[in-house]
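Note that the protein sequences, when read in sequence, are chains A and B. Following the numbering used here, the numbering of the first sequence begins with 1 at its first residue and continues without gaps. Following the numbering used here, the numbering of the second sequence begins with 1 at its first residue and continues without gaps.
Any given hint might turn out to be false.
Said to hold, decoys possible - Below, a list of computed lysine-lysine pairs in the DSS-like style, where the Cα atoms sit at most 30 Å apart:
| hint | chain 1 | residue 1 | chain 2 | residue 2 |
| --- | --- | --- | --- | --- |
| 1 | A | Lys699 | A | Lys802 |
| 2 | A | Lys97 | B | Lys151 |
| 3 | B | Lys126 | B | Lys86 |
| 4 | B | Lys155 | A | Lys229 |
| 5 | B | Lys61 | A | Lys298 |
| 6 | A | Lys36 | A | Lys24 |
| 7 | A | Lys312 | B | Lys61 |
| 8 | A | Lys555 | B | Lys95 |
| 9 | B | Lys31 | A | Lys448 |
| 10 | A | Lys295 | B | Lys126 |
| 11 | A | Lys544 | B | Lys86 |
| 12 | A | Lys448 | B | Lys139 |
| 13 | B | Lys31 | A | Lys29 |
| 14 | B | Lys126 | A | Lys544 |
| 15 | B | Lys152 | A | Lys221 |
| 16 | A | Lys312 | A | Lys332 |
| 17 | B | Lys151 | A | Lys544 |
No lab work stands behind these hints, which were simulated from the structure alone.
Here are the chains, one letter per residue:
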Amino acid sequence: MSKKAEVSKVLPTKEMNNYKQLLKYYDDKQFSKGLKIADQILKKFPQHTETLAIKGLFHHSLGKKEEGYQIVRNSIKMDISNQTAWHVNGIIYKNDKNYNEASKCFVNALRKDPENQIILRDLSLIQIQIREFEAFYKNRNKILQLKSNQVSNWIFCALGAHLIKRYNIAITLIDSYLLTIVNDTYTNYEMSELILFKIHVYSESKDYVKGLEELDKNESKIVDRSYFKEMKALFNLQLNNYSAAEALYLSLIHINCDNFFYFQQLVAAYLKKPTVNFDELTEEEQSLLRLLFEKIQKSYPSSSAAKFLPLKFLTGEAFERALDVYCQSGLKKGIPNLFNSINFIYQNSEKTLILQNLFLGYLKMLEAENKLTLSSSETETPIVKLWTLAFLAQHYNKINNFEEAFDYINQAIEHTPTAIDLYLIKGRIYKKAGNKFEAAKLFDYGRKLDLADRYLNTKCTHYMLRADQLEKAESVVKLFTKETGPTTNNLSDMQAMWYEQEKGESHLRNREYGRALKQFLSIEEHFLDFVEDQYDFHSYSTRKFTLRAYLDLLKFIDSIYSSPRYIRAAIGIIKCYLDLYDQIIINSKKSTNQTNNETDTSSVTTNTKGANKNKPPKKKKNKNNNNNNNNNNNQPKASANKKGQKQAIKGPVIEPNYSELTEVADKLEAATKYVKILLTHAPKNLATQKLAFELYIRKKKYILALFALKSFYSIAPNDPEFHLLNIRFAIEIKNENLDERITTLINAELEINPFIARGDLDQWNLNYFSKHNSFSHRLAFIKVNALLNKLDSIQAFDLLSKFEDNDSNATIQNFNDALTFLIQEKLPQPEIGVLKKKYQSKFKYAIDFTSEGFPVTFSEIANSNNLIEENII
Amino acid sequence: MSISIRLATISDLHAMQNANLSCLPENYQMKYYFYHLLTWPQLSFIAIDQNNNLVGYVLAKMEEDANPNDQHGHITSLAVLRSHRKLGIATKLMKQAERAMAVNFEALYVSLHVRVTNRAALTLYKDTLNFEKSAVEKKYYADGEDAFGMKKMLKSRNEYISDESL
């Protein structure tokens, strides 16, 4: 707050001193004391606007926000041009993170005294927080004119110029300031950072020649040697000075021989190209690089990059030899990560076969003569056989040969039952083979072999949550959160978003929408906190001179909503709201059908049984229904629930339903907020477009739905899901009485986008069928038949039984989709049973085909298309 | 192996925080990570696999209250995923952080704390990384456990720089 601010009505000395005291109390956060003093002054001088405003500030700071705002508003009414009142109003808005309002108040506060530096500074911090760069620069320029003897004013102004891409001004400002510096004012590090900011500006403005000049001129002043060399190398590469760049990257490799980026750039410089793609090298280039890497390997035997990278560009025999050397060394060291490190080989079927034969050869030799190759003179320790078996298990898992994978991992476990990593490998095989319960069991087994290892604990929790064993998961994760209160609070305090995400998704699978929303919204809170966290660093970084890192922070925050973690949480939120909306629709339809005595158990199931009135289920009912739901679920869930009931008697905290979160009046409106965020920050994500379509079709916003459809097509034209959305759109607009303007717009779109379905939809579907012939495309064809009321059950069973010859890629998920669909359509149970058995014979270990009933909700359908990036490390 | 070691940047911090939560009992909020990278942008390093997944990190700082002739760095946190052990990643990360402390901030030595019961970490620091125990700090950790303070002298800035020439 401005201490110099003119005080509107002059107070007697005693009160004036008290008033000054007020500001100190605010700075020291002694709000209650301050409030007392303010009341004392106001008792004698109730018309003292400044004191009244500050009283409001104290109230606000003490948590009585509404009262605070009211008092401050009153002070403004008392004197509309009062600077302090407006300034205080801005501060409370700022404290509530309402930056737009705060900014307006500060502008008002500046009316009377446009040169008040404190208010100008407060305003500038808001401007940068909300990325009003132009206004920020103007404002900082003004502050600099007012007070040019302060270093931070120069830096802020240069930053502002840089952010609006007026690079020359940024450079001039830094240069002018550097001229005024007397020796020893700043540390070497601080001076160096200032110079490097300039280098950064040259780099952003692509002025590489100037950048190089500046680097050379200041070499002795730049303490960050790595950055100095990195930039010098980069500028040289950009300017096609290949030999200079090559020498510099070699010297960087000397500093860090494990930085893959240095190697990549070195290769570019070496081959005299701006960039290099390892998959597109000529034979001559390959042999050139082979020599280069051999040389580097000799100079830096510990460099992993030098050993590994040749595997990426070598082919044929040279590849085979290099792979052999690489794998033998990995096996001898007993490196658990050997398999994952060469995962990329599986993109190439030829190389994959080489790899398989290599390891089968190792195993044969180990079993016969206890060495890795015929020519080898060394006998190997047992550990080498162990890791060879483990490798083969992972290999066969990767190529979906679970039979072989289990065989090898069991041999490995028999060989060394104490090696924890083997249980994790076996667990992963189970997961991929379709049994998440066995997978979780194995991770639990591994975890128990080393209780002090949090990594094992984390992975085990992950797998338990994927198997919807929420209580087990919680009791495991708790072992590492030492506090006394409820576990999840501590994890949430520490921003453990992986846990919230997995837990939320598990709740969503169980249709516990309140609990799911609770977790997803908590992730959103964390993101709001990250954005808020940056505020303090605006002035901090200018004090520390770490401007490059600060610019990185701004960039990071600008793209924070594109991070996979946020996207997944937003997807979860949208699915919850859409599911909740669909429930209401289904409920209301059911109540109409009730007269026909129709009982429908296939779709949204038990959740809706109790609520057949024409409105959403009420709070209490919801609770009962949730219990209902759990009891009716298949085995593993039921058993987990029993445990829960036992615990309930013992008395630990039972997680509330958070039903208030599901009682949003307008579900679609609630979803819209998140769809919009995804459309802005993750437009290339298939889930974004799919969910946008689902939302807008429900809202009957057909143009927006059409945009989503088009975007979906542009990302994945051959995705079977597209065909379904496409036909759904065509049906919707046929049935709906559309506004003429909408029809015109849609027709215009149809004209330029031939892929949008139209006309005779049966024919359209048949055409589709004739062009695509994978299992999932056939399923899409059949689903569309159902949409068009043309479902032919004999044809459906026939098409869905074919998968062995022409489409070995059909996945467990595809089969699940098929069965879910057939049950939903109420096709005859015996035939479904036969199909199930057939699927089971292909995926022997998958439990899904043995359990009873398939849930059908929107969330599952959306899940089935791998729209969410699954990533368990 | 296929693990790359490079300087940590702000955009790596989500992954770093996640790895920390997955591996270690001492956890921090994001702001603390911001604070490290915005105060000492040169000192923290990460290890990434060929798919750009973070598999290890060192989060490091300078001791702020040290007097001018006792400048030294401090390792706030060091972790490598269990799945990526035996690759020497911790050693490589530490080597980069140590160099950066000496070169950028003229650190004389680097210090760290380790739980007295954490044998694996003690062995790593003592035998592999050549740290020495300097003191026992009573009840250093929130749960009441003691810590060993450990220390390692660093090469001087000039030595590091003359080592740069090939």
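Evaluated hints:
no. : hint                  : in the structure
1   : Lys699(A) x Lys802(A) : violated (38 Å)
2   : Lys97(A) x Lys151(B)  : violated (43 Å)
3   : Lys126(B) x Lys86(B)  : holds (17 Å)
4   : Lys155(B) x Lys229(A) : holds (20 Å)
5   : Lys61(B) x Lys298(A)  : violated (34 Å)
6   : Lys36(A) x Lys24(A)   : holds (14 Å)
7   : Lys312(A) x Lys61(B)  : violated (36 Å)
8   : Lys555(A) x Lys95(B)  : holds (29 Å)
9   : Lys31(B) x Lys448(A)  : violated (34 Å)
10  : Lys295(A) x Lys126(B) : violated (33 Å)
11  : Lys544(A) x Lys86(B)  : violated (38 Å)
12  : Lys448(A) x Lys139(B) : holds (28 Å)
13  : Lys31(B) x Lys29(A)   : holds (22 Å)
14  : Lys126(B) x Lys544(A) : violated (34 Å)
15  : Lys152(B) x Lys221(A) : holds (27 Å)
16  : Lys312(A) x Lys332(A) : holds (22 Å)
17  : Lys151(B) x Lys544(A) : holds (27 Å)
The structure fails hints 1, 2, 5, 7, 9, 10, 11 and 14 (numbered hints given earlier, in ascending order).
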